[in-house]
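> Here is what each chain is made of, one letter per residue.
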Amino acid sequence: MTKEKKLSITIDNRKVAVKPNITILQAAREHNIYIPSLCTLEPLPSYGACRLCIVEVDGLRGFPTSCTTPVDDGMVVRTDTAEIRTLRQEVLKLLLSEHPASCLFCTEHDECKDYQGTIRKVGVTTGCRYCPNDSLCELQTITEKIGLTETSYPVYYRGFPVEKSDPFYDRDYNLCILCGRCVRVCNDIRMNGTLSFKERGKQTTIGAALDRTHLDAGCEFCGACVSVCPTGALSTKVSKWYGKPDGETKTTCVYCPVGCELLLQIKNNETIDVFPNYDSTIDQGLLCVKGRFAIPEYVASPERLATPQRMTPLGYEDISWDDAIDEAAEKLSGINPEDVLIVVSPQLTNEDLFVAERFARELIGTDQIMSVLITDMREETVSFLNLASASSPFNVIDTADTILTIGFDSTYGFTPIGIKIKKAAKAGVNLTTLSVHESNLDIVSGETFQMNVTKWPALLDSIMGKMPGNGKGTKLKPLNKVVVIGAEVIFSPKRGAVFEKIVEMKDRFGWKVIVAHPYTNLMGLLAMGAFPGIKRGEIVSDGTKSTGPAVEDPLSAMDLARHRKVVYLIGEVPFENLPECDFLIYQNALSVKSTRKPDLVLPSSLFTELSGTIISAEGRILPIRKATDPYGKSMPDWQIISKISEKIKSGALKYSSISAIQTDIKKQVKSLSDVKKRLEFRKISAKTSGKGRTGKRLSDPKSSRKPWEEKYRGIALKDVVSGMLVIEERRRHE
Amino acid sequence: MNKLDKEITLAKKKWASFQDNKEPIIYIGAASCGRAAGALDLRTRINDFIEEKKVKATIIEVGCIGPCYLEPLIDIKMPGQPRVSYNNVNAKTLSIILKSHLINGVAHAKLALGHFGKKGFEGIPQFYELPMLKPQVRVVLRNCGLIDPEDIDQYLAVDGYQGFIKAITTMTPDDVIGVVRQAGLRGRGGAGFPTHKKWAVCRNSPGDQKYLICNADEGDPGAFMNRSLIESDPHAVLEGMLIAGYAIGASKGIVYIRAEYPLAIERLKFAIKQMKDCGLLGKNILRSDFSFDIRIKEGAGAFVCGEETALIGSIEGKRGMPKSRPPFPAISGLFGAPTIINNVETMGTLPNILRNGAEWYTKFGKEGNRGTKTFSLVGKIRRPGLIEVQLGTSLREIIFDIGGGVQKNFKAIQTGGPSGGCLSEEFLDLAVDYESLAAAGSIMGSGGLIVMDEDTCIVDLAKYFLDFTQKESCGKCVPCRVGTRHMVEILERITHGEGNPEDLLALRTLGDTIKKGALCGLGQTAPNPVLTTLRYFRNEYLEHINNHRCRATVCKELIEYRVIKEKCTGCQSCVRVCPTGAITGPRSEPHNLDLTKCIKCRSCYEICRFDAIAGDAIVIQTGEKKS
Amino acid sequence: MPETIEAIFKKHGRTSDELIPILQDVQKEFGYIAQESLKKISRYLKLSENLVFGVASFYTQFRFTEPGKHAVKVCLGTACHVRGGSTLLDTLERGLGISCGETTEDRRFDLERVACLGCCALSPVVQIDRDIYSRMSVNRLTELLKKYE
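Residue numbers (my numbering), protein chains in the order written: chain A, 31 to 764; chain B, 373 to 999; chain C, 5 to 153.
It is worth saying that the hints were derived from the structure and are not from the lab.
What you are looking at is a predicted structure, and each value in this text was computed from that prediction instead of being measured.
C-beta atoms are modelled at their ideal positions from N, C-alpha and C, and glycine is treated no differently.
Keep in mind that a hint or two might mislead.
As the list claims (entries may be wrong) - Derived coverage of chain A by chain B (criterion: at least 3 residues anywhere in the stretch with Cβ under 8 Å from a Cβ of chain B; other residues may be distant):
| # | segment |
| --- | --- |
| 1 | 80-89 |
| 2 | 120-129 |
| 3 | 628-638 |
Claimed, not checked - BS3-like mimics (lysine-lysine), calculated; alpha carbons at most 25 Å apart, straight line:
| # | chain 1 | residue 1 | chain 2 | residue 2 |
| --- | --- | --- | --- | --- |
| 4 | C | Lys151 | B | Lys690 |
| 5 | C | Lys43 | C | Lys14 |
| 6 | A | Lys49 | B | Lys695 |
| 7 | B | Lys695 | A | Lys453 |
| 8 | B | Lys655 | C | Lys50 |
| 9 | A | Lys565 | A | Lys696 |
| 10 | C | Lys50 | B | Lys690 |
| 11 | B | Lys690 | C | Lys150 |
| 12 | B | Lys645 | B | Lys624 |
| 13 | B | Lys887 | A | Lys175 |
| 14 | B | Lys491 | B | Lys506 |
| 15 | C | Lys15 | B | Lys464 |
| 16 | A | Lys536 | A | Lys524 |
| 17 | B | Lys538 | B | Lys375 |
| 18 | C | Lys15 | B | Lys645 |
| 19 | A | Lys232 | B | Lys695 |
| 20 | A | Lys456 | C | Lys32 |
| 21 | C | Lys43 | A | Lys453 |
| 22 | C | Lys15 | B | Lys648 |
| 23 | A | Lys663 | A | Lys623 |
| 24 | B | Lys690 | C | Lys73 |
| 25 | A | Lys453 | C | Lys32 |
| 26 | C | Lys44 | B | Lys641 |
| 27 | B | Lys624 | C | Lys15 |
| 28 | B | Lys538 | B | Lys624 |
| 29 | B | Lys690 | C | Lys15 |
| 30 | B | Lys669 | C | Lys151 |
| 31 | A | Lys456 | C | Lys14 |
| 32 | C | Lys44 | A | Lys453 |
| 33 | C | Lys150 | B | Lys669 |
| 34 | B | Lys648 | C | Lys14 |
| 35 | B | Lys888 | A | Lys175 |
| 36 | B | Lys735 | B | Lys570 |
| 37 | A | Lys575 | A | Lys696 |
| 38 | B | Lys690 | C | Lys32 |
| 39 | C | Lys43 | A | Lys456 |
| 40 | B | Lys645 | C | Lys14 |
With the rest of the complex left out, here is chain A (with noise of 0.2 Å):
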């Protein structure tokens, strides 16, 4: 690449060398000269409303806004004269009377801020809180840097209610500005549409159409909107009150294999709130609601459960951790391994996978280590992992030129997958989408089939019955198709027979897939072995064409309809093909209602709470940073199942770190070590024992998880997470 050139022009008497393509607003902003303005934010297009940022330039007439008008070479730029200093204050005062500023001028207001803390109810000023934004305004800022002390002219007080029906945020529009970034962050960046500018003039406003309810309108809730909004206008529900976090750490989303970048909102030691992070690689900051928004709600849940418990014919009593660790390794102690089953969650780090592998392989010498999915997955349980394992990294979708989607929506997940299909679609991609119900992907689609899954296969024979390169001795360029399968696909009960085709669409037509699976760590969860039949280490690729190993069908293998003495749950709950089991373990973050009662519950921690490390879907090694302490008496995983074989074994698996965890884990998965490297899998085959299944057959398949379903640890987030709720219904009745 060659070096851009450089430009030279003068802003402010100073000469200073700027890049070619950029705003003067950039220009000024690379060399540390302030110009106020509030309609410009990075990454959004510029759009020159709130005329803040204007400017003097030489040869230009007027006063042109810095945020639009490009540098030129040899441009002179005066941008703080006395004639722009008064004309922003002019201008300031006209914005500052669409909304409400008692903020800034009243005469009360720093006695008032003193008293804002007061409990008495007697007749002192307690302060008018009347907007949520206090102190994290950028109103407030620029008044104050621009040296506005009052204003001269009355307010209009637009009068709208506070906007409230919506999950997780409210709309407050009589604090609006009309700066509309959240109009340009809702089209331009999400792709979404669901804000626009309404109406002209004094009557522009900024919403769905005709009024309706941003649920009804598509809205995917990612709060893109809320994060970009300069006022109190928007404001997300939880923490609306909280004013300004004193803290932020960036962290990986543990709520699908996407692996966004989070910056949790910390203050006092509690996480409430979490914004997307737009320099993000994985992401681009394009969270989806569950990221966004899920997360303070539920690792602040009621549910917690703060300390270990035992359940006695009174029910359940609060235990010392050391009386609980004694009566877990009292059950698993010289215990048969046959009759030891241990659940892990594909959410769980892969520290605490790798300590639960070798709990169980190394400590209670067991291969009755199994994950839910196979009992989601049934029978297409290797398919679906060699799928998952298969999946390419999301950005062949930027130079795809065919994109197919099999039952995959984006509204309320994998969001930074469907805008990536989305400006590929704009950008005249052709995009088919498949499915059952409407998919959010319709609306930019050249072609939509909408059928029952039982059709789904001769539909995708026609669509490799087109493909070019079907017949021999065509040579044609390699094309790049890519297909993205989502939940409509892996919850069905027929899902096998899309599998079927999906692979002959990988294999033979060189298809790309990418699998919109919720199994977080599931990459993870495989390479630590966590699962029967496959070792530690075994499925990741180390470059050569090796396969990897063949597994007896799971649910054989796991043998659910047998008796167990113990059941030990690691972040999961108990499901519904839980064997019988005379004893069993619940560790997990919240407390579970379930027909078979736990015998003894261990508190875990939540991954806001502890360090660790997950692999992506796309293989890539994230990081998970602590933010806040753990709740309550509550520990990590790990640590949990350390302090059990520690009593079981002395020495056996002690561990005091999660460093000496990682340690311990690059040793043992050599390929694990290099984390730049987007991991690869080798691809497991099915074994045939000649074992038949035994025992009562699982339930009916048609109760098997819901495409619309969200869990995080076994957990549904509708039943802890309020705003998930009213997202849940609505898919459910679409």
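Given chain A, put chains B and C in place with the hints provided.
Frame of chain A, contents of chains B and C only:
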């Protein structure tokens, strides 16, 4: 010989026989203004008459010849005689005219307005010697009212498309730009930017696809030059587009026209079809390398779409919100391609320049302000209508010589519509050119001239304009959206008699902020009517503020209605029209007006004024309410 | 029988610059932009309904409720204003009992204001449906409305 040449030869023959008509021709002025005055009703009556009397006659609908106040206009041309124009024709006069002129062959001198012959005719003045027409120079409007706008042959016969043919057969695009430069043509849309400069930028911008847009979104209230030209001579505008398209290298032309002009749209569509039939549109026009197509896009009711970038947004299917420039449309416009937007009148001027040469054109106007300009002269003027004068003509000539002066005493003239300024009597000798108007705080604008007399309240007028721009503000930028709203409210207060002297300073500051701070032309010029009236009619503002007096008796809050008992005949007309029962009284006795019930709807005033018996028995008084 | 919306689509491409022409045709045919039309247009052009509404609501031409039988438009161009256009509007508002932009209860009349009809020399002007009435007065107006049932 190609198809077009044949067509032209045929057209000329047809025209010659048309001029030398063997049977009577009846012309009906049927542009929108004529139609509003009842032209179509007259047409039915003429048809009936001809049928009944079994007379042979050709009836053609022509466009608007200019003096709208004389509508409906019916012209009759008998074989071997000049065409005679009759004005303000109604059902009654029509039958008199038809009987006299069509049946008996005698032009009705008393009802006639003028004739189009070279010499005197039957005691009727020559049309172009009429005081309203004499000072005018008809370049753009040369065919208006004279040819059938729906017949391309008539346009071809009067040397139509010759300018384009000359350009495409004998000139390079750069030559064309050169001629336009020599002619000194400036954009007629309002700002007066030299047309050739814009063109050259566009021509030199890289891009395979370039667009030419003809801006017919004539949004200024009180301006109708573009409507009239398109309705009366659509081919002139379309020929101009061909010339411009050729010069800048565009292959696609778009006419962006107000949906409020259905007749103009109809005529354009028809004309475009005729052009296609003659091979004047499409691929390789006249076997040249030049290919060009024209589409019509209807506006959807937004004044701001007259602004270039908003217009482009609107064509692209977006909200018509202006964008900051640079980049200028000539470099990055419609769909990001180099785009030229020219006004209808600029287009209409081009064929004349190309046909007659730059030198011919520079005979009109003066240095820096070459050529002619059309204006819609309306308001409290005796002879309102569409006019065309050389640039540099004084306001006095326009108002008094052409317009016949003002009904009552002249007070002010608004040039440039809502973006323009309001000039007082002292500017009557101001030459109408871009620079002089700007120096006076106004603008040329697209050509609306609104004349006001002492019955017009200046503060009310300023409020009217501000209210208009405020309602049309797109709402994007703060100064325009909020600033104009504050200005309107202050003006509202003043017209309600609740103003205070500081308001005038606030208006100035606001006006200044909006002018400097607004994003687009709409905002930047919106304060002009207020700023100019503050400058030239300050006293009228102060009267409203200090004395609560509206001398024009317009501001409702400051006036009241009274019955002049001595004059009232008790005819009860006002009693009947009063919607609130405020006027009472038995027949033949002076009536009573109950001020507490009066809503100042003006109904009684109007009916009394127009009642021949009662005379002005109801008066409006001012300045007493608050005192 | 009104044309179906699908027939209107056939006359237009699927690029976003067709949005306003399609809205215009739909309104011409149906008198307004119904919710159902909004949805269909959105699907046809692959634009969100919210965006389509955002564009449509910017322009005064489009309405989202069923129109009355007759459209009464009062011209408030400058020439009409100085010659009493707003008095005409006041009279109509009072006479019809509705404000500008509304429809009478019996759905007989819609009342609107227009910026300028371009008949300034014949001001003040009122348009009812397709007919333009020039040199209007308050008293003539009342008579005129009776003609429209």
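> All hints are to be evaluated individually against the structure, with a verdict given for each.
Okay, the hints, checked on the actual structure:
Coverage of the segment 80-89 of chain A by chain B holds. Counting CB-CB distances below 8 Å, 3 residues qualify, and the rule asks for three or more. By the rule of at least three residues with a Cβ nearer than 8 Å to a Cβ of chain B, the coverage given for the segment 120-129 of chain A holds, with 6 such residues. Coverage of the segment 628-638 of chain A by chain B is violated [criterion: at least 3 residues with CB-CB distance below 8 Å; count 0]. The suggested pairing of Lys151 (chain C) with Lys690 (chain B) is violated, with an alpha-carbon distance near 40 Å, which exceeds 25 Å.
A distance of roughly 17 Å separates the Cα atoms of Lys43 (chain C) and Lys14 (chain C); the hinted pair therefore holds under the 25 Å criterion. With a C-alpha separation of about 23 Å, the suggested pair Lys49 (chain A) and Lys695 (chain B) falls inside the 25 Å cut-off, and the hint holds. For the proposed pair Lys695 (chain B) and Lys453 (chain A), the alpha carbon gap of about 24 Å is at most 25 Å, so the pair holds. Between the alpha carbons of Lys655 (chain B) and Lys50 (chain C) the distance comes to roughly 32 Å, so the proposed pair goes past 25 Å and is violated.
Distance restraint check for Lys565 (chain A) and Lys696 (chain A): the Cα-Cα separation of roughly 15 Å lies within the 25 Å cut-off, and the hinted pair is therefore satisfied. Of the supplied pair hints, the one linking Lys50 (chain C) and Lys690 (chain B) holds, its CA atoms being roughly 14 Å apart against a limit of 25 Å. Taking the CA atoms of Lys690 (chain B) and Lys150 (chain C), the gap is about 40 Å. The hint is violated against a cut of 25 Å. This hinted pair checks out: Lys645 (chain B) and Lys624 (chain B) have alpha carbons roughly 16 Å apart, not beyond 25 Å.
Of the supplied pair hints, the one linking Lys887 (chain B) and Lys175 (chain A) holds, its CA atoms being roughly 24 Å apart against a limit of 25 Å. Straight-line distance between C-alpha atoms of Lys491 (chain B) and Lys506 (chain B) comes to about 16 Å, which keeps the hinted pair within the 25 Å bound. Under the criterion of a C-alpha separation no larger than 25 Å, the hint pairing Lys15 (chain C) with Lys464 (chain B) is inconsistent with the structure, at around 47 Å. For the given pair, Lys536 (chain A) sits about 19 Å from Lys524 (chain A) by alpha-carbon distance, which is consistent with the 25 Å threshold.
Of the supplied pair hints, the one linking Lys538 (chain B) and Lys375 (chain B) holds, its CA atoms being roughly 16 Å apart against a limit of 25 Å. About 17 Å separates the Cα atoms of Lys15 (chain C) and Lys645 (chain B), which keeps this hinted pair within 25 Å; it holds. Under the criterion of a C-alpha separation no larger than 25 Å, the hint pairing Lys232 (chain A) with Lys695 (chain B) is consistent with the structure, at around 18 Å. Restraint check: the Cα-Cα separation between Lys456 (chain A) and Lys32 (chain C) comes to about 30 Å, which exceeds 25 Å; the hinted pair is violated.
About 22 Å separates the Cα atoms of Lys43 (chain C) and Lys453 (chain A), which keeps this hinted pair within 25 Å; it holds. Distance hint between Lys15 (chain C) and Lys648 (chain B) is fulfilled; the C-alpha atoms sit about 20 Å from each other, no more than 25 Å. For the hint pairing Lys663 (chain A) with Lys623 (chain A), the CA-to-CA distance comes to about 21 Å; that is within 25 Å, so the pair holds. Of the pairs offered as hints, the one joining Lys690 (chain B) and Lys73 (chain C) is violated, with about 30 Å between alpha carbons and a cut-off of 25 Å exceeded.
For the suggested pair Lys453 (chain A) and Lys32 (chain C), the alpha carbons sit about 34 Å apart, so the restraint of at most 25 Å is broken. This hinted pair does not check out: Lys44 (chain C) and Lys641 (chain B) have alpha carbons roughly 28 Å apart, beyond 25 Å. For the suggested pair Lys624 (chain B) and Lys15 (chain C), the alpha carbons sit about 19 Å apart, so the restraint of at most 25 Å is met. The suggested pairing of Lys538 (chain B) with Lys624 (chain B) holds, with an alpha-carbon distance near 21 Å, which does not exceed 25 Å.
Between Lys690 (chain B) and Lys15 (chain C), the direct Cα distance comes to roughly 20 Å. Compliance with the 25 Å bound is thereby established for this hinted pair. Of the supplied pair hints, the one linking Lys669 (chain B) and Lys151 (chain C) is violated, its CA atoms being roughly 34 Å apart against a limit of 25 Å. The straight-line distance between the Cα atoms of Lys456 (chain A) and Lys14 (chain C) is roughly 21 Å, inside the 25 Å bound, and the hint therefore holds. For the proposed pair Lys44 (chain C) and Lys453 (chain A), the alpha carbon gap of about 22 Å is at most 25 Å, so the pair holds.
As the CA atoms of Lys150 (chain C) and Lys669 (chain B) are separated by approximately 36 Å, the hinted pair breaks the 25 Å bound. Straight-line distance between C-alpha atoms of Lys648 (chain B) and Lys14 (chain C) comes to about 23 Å, which keeps the hinted pair within the 25 Å bound. Of the supplied pair hints, the one linking Lys888 (chain B) and Lys175 (chain A) holds, its CA atoms being roughly 21 Å apart against a limit of 25 Å. The suggested pairing of Lys735 (chain B) with Lys570 (chain B) holds, with an alpha-carbon distance near 23 Å, which does not exceed 25 Å.
A distance of roughly 22 Å separates the Cα atoms of Lys575 (chain A) and Lys696 (chain A); the hinted pair therefore holds under the 25 Å criterion. Only pairs whose Cα atoms come within 25 Å are accepted, and Lys690 (chain B) paired with Lys32 (chain C) is accepted, the gap being roughly 20 Å. Restraint check: the Cα-Cα separation between Lys43 (chain C) and Lys456 (chain A) comes to about 19 Å, which is no more than 25 Å; the hinted pair holds. Restraint check for Lys645 (chain B) and Lys14 (chain C): satisfied, since their Cα atoms lie roughly 21 Å apart, inside the 25 Å limit.
Violated hints, in rising order: 3, 4, 8, 11, 15, 20, 24, 25, 26, 30, 33; the structure is consistent with all others.
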